[in-house]
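Peer 1: Read off the chains here:
There are 2 protein chains.
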Amino acid sequence: MTTYSHILQAYQRIEGQAIRTPLLESTAINQRLGGRVLFKVEALQRTGSFKFRGAYNKISQLAQQGIKGVVAYSSGNHAQGVALVAALFDMHAVIIMPADSPAIKINNTRALGGEVVLYDRYTQSREELGAALAQERNLALVKPYDDPDIIAGQGTVGLEAAQQLQILGLTPGQMIAPCGGGGLISGCSIAIHQSFPDTHIWLAEPEHYDDAARSLQAKRRLANNTSHTSICDAIVTPTTGELTFPIIEQHVRGGVSVSESYVLDAMAVCMQELKVVIEPGGSVGLAALLAGLLPCQDKTTLVILSGGNADPQVLARALSQ
Amino acid sequence: MTTYSHILQAYQRIEGQAIRTPLLESTAINQRLGGRVLFKVEALQRTGSFKFRGAYNKISQLAQQGIKGVVAYSSGNHAQGVALVAALFDMHAVIIMPADSPAIKINNTRALGGEVVLYDRYTQSREELGAALAQERNLALVKPYDDPDIIAGQGTVGLEAAQQLQILGLTPGQMIAPCGGGGLISGCSIAIHQSFPDTHIWLAEPEHYDDAARSLQAKRRLANNTSHTSICDAIVTPTTGELTFPIIEQHVRGGVSVSESYVLDAMAVCMQELKVVIEPGGSVGLAALLAGLLPCQDKTTLVILSGGNADPQVLARALSQ
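These protein sequences, in sequence, are chains A and B.
Numbering that gives the first Met the number 0 applies: residue 0 is where the first sequence begins, and numbers increase by one.
Numbering that gives the first Met the number 0 applies: residue 0 is where the second sequence begins, and numbers increase by one.
No wet-lab data here; the hints were simulated from the structure.
A couple of the hints might just be wrong.
Treat identical chains as interchangeable: a pair holds within one or across any two.
Computed cross-link-like contacts, SDA-like style, restricted to lysine to any residue with a CA-CA straight-line distance of at most 25 angstroms [to be verified]:
#, residue 1, residue 2
1, Lys298, Ile18
2, Lys298, Glu127
3, Lys218, Leu7
4, Lys218, Gln134
5, Lys67, Thr2
6, Lys67, Lys298
7, Lys298, Gln16
8, Lys218, Glu206
9, Lys298, Ala217
10, Lys298, Gly112
11, Lys218, Ala139
12, Lys142, Met90
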């Protein structure tokens, strides 16, 4: 299982390559929610999401082993992270993406040098496609979350946030982060609990995709009915990972799920108050606070805003609410 | 005249209070412009613009002198900076703002505890109003740019950017920053030339408000015809300052002015590629690059994105271009 020392090792690998993203705060948001809320803004990471961190931690090690090419399946953020890191190490990257990914994610992945293969996320299995391509073309598979090196890389978000909170002299009473496959929240939970063992950790999911919250209650991994559409493409996954779920069980108190209108509201608040563009799936933590699902009064809350790759049409919808 | 040591002193005062804003870069923007472009993003500063820095440097010293209240005139960003800093020092702040300021700026100034007095920017003189209120109510006037402490505070943007460039091992061949009254660019010029004496510095202005560029050519301060409307409210000033212009003359090579459509394009690029919300006046430097007014091929360019307080309607216009 991934440990804090894996996260420290990952941090040494990515330092100087990944951006140390800022921890932002807004007087207006604090006033609205009645407590101090600190935002770790991974939309400002290279390729626009935290995924660069895990990809760098994994692929830098594959490069040392002499691997020449990688394959990844992704709704778009992992795709861009893998494509850029592969390019940094002069590796070829094949990326399997849903045909209905935001255009910005597909275009950016190609612009970063990735070879994009599209599939239908409602009828085809990306895991099977990935395994087949890996074998056919002799590529190393870079999974989006169920890999100890990926989890450790994403955990550096929590490590940095803990350092930044300590500089401010703050102890977070609670933390909330988006959960799709669970790579981000599992890694961050380990890092945050290392520095702040008493922080209550919560996960946020979009409505219809609340498998992690239900799995925590059932004490076993449950799946989503993936026939629902969702604007939160970044975290629409069938289920949490085999490796991530046990970590989530150990660290996370429970999950909340948010409707589309609170997601759009959260995106608008991010643009207006924090001056950052957050994609729907990246904003579910703040959406949960705005919906009153996690009271913030008289405590310090850490919110992970995980990515910012939103199409302009969705941003315009959020602004016109 | 403001010197580098004034900027260092200002930096010691604001450290831990102002956010060390990130220096961001985008592969897509670099590809589009043909060189490396680094963005110093002051939209992520407290109150959404660099103005917090100068206000803090000035008001922290007034507080030490026992002053109990301040008055400021501002299109909105200086207003918010002064209102927040005054509140931090338990001072009353009266802010004189144009009646046509973006609603977000007026509302935020009030939310920060500022007493807002509106005036008509096309018929009334804010300088006269400010002087009258200062005398009547025994308040210290905090000018928006023509004050050595304000210039030194804004210069910390350049100081930080120079540090961040040095960490990356980069020497900027050129820098471009917005210019209204000239507080930001004059302070930043001193700081950048201290670390990088050969950097070519340029200023950017909106069309119809290119007084600084014309003044540089004429070697004396010229004024704008302020009857034109502009979406770049943050930098719509009648002329540069008495104190700022000599510094600009010493350090800045010239100015470029940009049309509204390039400003909107720059705002869209900031949202899509950098994931940050930049207001019209804050984006004129990037707008100039997109318009081809300052070639970036095969060199490193530093761009100051000075603020992010844009109304949602303007952001929506930028996104729908």
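Peer 1: Look at each hint and say if it fits the structure.
Peer 2: Do the hints match the structure? See the list:
| no. | hint | result |
| --- | --- | --- |
| 1 | Lys298 <-> Ile18 | between (28 angstroms within a copy, 22 angstroms between copies) |
| 2 | Lys298 <-> Glu127 | neither (45 angstroms within a copy, 45 angstroms between copies) |
| 3 | Lys218 <-> Leu7 | neither (29 angstroms within a copy, 57 angstroms between copies) |
| 4 | Lys218 <-> Gln134 | neither (34 angstroms within a copy, 70 angstroms between copies) |
| 5 | Lys67 <-> Thr2 | neither (28 angstroms within a copy, 53 angstroms between copies) |
| 6 | Lys67 <-> Lys298 | neither (49 angstroms within a copy, 31 angstroms between copies) |
| 7 | Lys298 <-> Gln16 | between (33 angstroms within a copy, 21 angstroms between copies) |
| 8 | Lys218 <-> Glu206 | within (20 angstroms within a copy, 63 angstroms between copies) |
| 9 | Lys298 <-> Ala217 | neither (29 angstroms within a copy, 57 angstroms between copies) |
| 10 | Lys298 <-> Gly112 | between (45 angstroms within a copy, 23 angstroms between copies) |
| 11 | Lys218 <-> Ala139 | neither (32 angstroms within a copy, 63 angstroms between copies) |
| 12 | Lys142 <-> Met90 | within (16 angstroms within a copy, 55 angstroms between copies) |
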